[in-house]
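Enquirer: What follows is each chain in one-letter form.
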Amino acid sequence: MAATAPATQRAELDVYRFDPEKESAPRYQSYQLDLAPHTPVLTALLRIRTELDPTLTLRYSCRSAICGSCAMVINSKSRLACQTPVGPELARHGKIVIDPMRNQPVLRDLVVEMSPFWGRYRKLEPHLIPDPEHPMPEGVATSMTPVQLERFKETPRCIACGACYSACPMVEADPAFPGPMALAKLYRFVVDPRDGATKRRLTSVQPGGLWLCLRCHLCTEACPKDVRPSERIMDLKEMALAAQGGTENGSRHALGFKENIRERGVLNEFKLVRQTYGLGEMLAQVPYGLKVYRKKPETLRSPKPIEGRDEVEKIYEALDDTEGA
Amino acid sequence: MKLAYYPGCVAQESGKELDLATRWVCRKLSIELVDFPNFSCCGSGFIDEANPTLNTAINARNLAIAEKAGLEILTVCSTCQGMLTLANVRLKDPAVRAKVDGALAPIGYQYRGTTGVTHLLKILVERVGPKALEAQVVRPLKGLKVGAFYGCHLLRPQNEVGSESAEEPHQFEDLIAALGAEPVLYRGRVMCCGFPALFVKEASANRIAAHQIDDARAHGAHAIATPCPLCHISLDTFQPKAAKEVGHALDLPILHLPQLVGLALGAGPAELGLPRHMVDPGPALARIGAVAVPT
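Protein chains in written order, with the numbering used here: chain E, 23 to 347; chain F, 122 to 416.
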């Protein structure tokens, strides 16, 4: 039976154009194409290049969501162009607006400089560090149990496309944050039974920006391979606390919050500030804290414990005291 | 409509105005709120960082309390909504279930897994409905441009907690339109407010908040409305500090969702706790005639 070509529709693509060497500011260039709804955005961009404008610059290779080259911002979301069909985008937005990935300087048009991304990644030593006391046998494959393998979760699927890095608000706000991909990779080595540097990795990542993660899950939403970086970062936080306890504001805050709720069942906001900060930071909060207090006097009082606070205490005894927290 | 009211910690203390506004709006719409003085904190994501099983268990206790009363839980906080929903999802895992059941049984609790958890936003849009709401509007918010700010845990992770598209949600905008205001679409509406980093590195959290506020302003918003008191802390309570951090004025009023609804349904600013905000909501209120236009 002969296949019937699907109906095409006229599509408008507004593409970010910028050559920092020749132009003073970026601009959008609008292109019109007839496209079938299942056409990937990457195919549309390549058609623009071959049929309409050979100067359009983009990075791509495999066209099959394997190489991770064509990550860009499509209608304000960071994703792979080869994996994003035009139909739903046109239905939702009426047109397709394409920008380069965020949080990385533009080299030209849709091509960004990814060395900051790789730099934050390399800092976390993303390679197997063998345990000198338990050297791996030479020339023999190391076997893993299914349970050990299960702990890697989705992390081996990462193709380092940078979509999570582009979507992350903390990457944008703070260069000390390693970024979702780097932390997901770190997790992958922390749970690797062949790796001998687990403890060092967990202690160095606490001051290394682990606690800056906002748990906003924008990385997990952006990831084209469902690596779920935000969930792996949560795993790392739990492991780092178990290994070392609270050494940073972030880890003291998590542990302090947990203990805070144990006391009354509800949050004692003022006490939490004391549980998180050292004296210096605490004192630095005073002037503004007093301004807030004038509007919201509850900030300095202790709330009434909930009814059944002892029940909460018993849950803690059952699940927290026994779990090495 | 009768619901188990879960105000969360902040609405009972420093964010008391959210509780005031919620009670005012629910009274007006004949939504009966049942208080449970034995509800505990949801863990706010922080207990989850330290001990996820413990976090699931304290929420299972909350869910069991409402189940015993035969009531659905109403939340007014994106984070409470996310944490309670996440507990329901995780309890489907038999291994988690066994640990949690084991901790609840000695205190006389059993959770069968039937408690629904619904945020006020969804109640207003899906149960009350924009038409019925519109019919109750006595002070249309005409001329007011409002940017919705959803709060992460209402939307993501979508496959676990989200009840509408995390990328393109529209319920909040539908609500804003039903009140007579003009919803402003901007990228920041589904972004993070920075709150979880406020105690980790305040300057970075402030920069993130300022970024979203600037984005809403650049799209013409006169105010932001949020269904999450933690977003409110980041965007309102810390807005003066965020402005200092980025070196320019922000001056954007941030309203709790039920405050916006309450204004349209005729409540006075004081009844909704608006004088408690750090950023003066006056300029936004003046646009809808809720206060005298400042001279």
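Rather than coming from a laboratory, the hints here were simulated on the basis of the structure. None of these values were measured; they are calculated from a predicted model. Here a beta-carbon is modelled for each residue, glycine too, at the ideal position from N, C-alpha and C. You may find that some hints are simply not true.
Chain F regions said to be covered by chain E (calculated; three or more residues, Cβ under 8 Å) [stated by the list, open to error]:
| no. | stretch |
| --- | --- |
| 1 | 173-184 |
| 2 | 240-250 |
| 3 | 295-301 |
| 4 | 341-351 |
| 5 | 372-381 |
No more than 30 Å apart at the CA atoms, straight line, and that leaves these computed lysine-lysine pairs for DSBU-like [what the hints assert, rightly or not]:
| no. | chain 1 | residue 1 | chain 2 | residue 2 |
| --- | --- | --- | --- | --- |
| 6 | F | K365 | E | K313 |
| 7 | F | K365 | F | K266 |
| 8 | E | K313 | E | K336 |
| 9 | F | K149 | E | K326 |
| 10 | E | K326 | F | K189 |
| 11 | E | K317 | F | K189 |
| 12 | F | K243 | E | K313 |
| 13 | E | K221 | E | K175 |
| 14 | F | K213 | E | K336 |
| 15 | E | K317 | E | K336 |
| 16 | E | K99 | F | K243 |
| 17 | F | K137 | E | K326 |
| 18 | F | K137 | E | K293 |
| 19 | E | K117 | E | K293 |
Enquirer: Now tell me if each hint is right for this structure.
Expert: To see whether the hints hold, each was checked on the structure:
no., hint, verdict
1, 173-184, "holds (count 6)"
2, 240-250, "violated (count 0)"
3, 295-301, "violated (count 0)"
4, 341-351, "violated (count 0)"
5, 372-381, "violated (count 0)"
6, K365(F) <-> K313(E), "15 Å, holds"
7, K365(F) <-> K266(F), "25 Å, holds"
8, K313(E) <-> K336(E), "38 Å, violated"
9, K149(F) <-> K326(E), "28 Å, holds"
10, K326(E) <-> K189(F), "24 Å, holds"
11, K317(E) <-> K189(F), "38 Å, violated"
12, K243(F) <-> K313(E), "34 Å, violated"
13, K221(E) <-> K175(E), "20 Å, holds"
14, K213(F) <-> K336(E), "23 Å, holds"
15, K317(E) <-> K336(E), "36 Å, violated"
16, K99(E) <-> K243(F), "25 Å, holds"
17, K137(F) <-> K326(E), "14 Å, holds"
18, K137(F) <-> K293(E), "18 Å, holds"
19, K117(E) <-> K293(E), "51 Å, violated"
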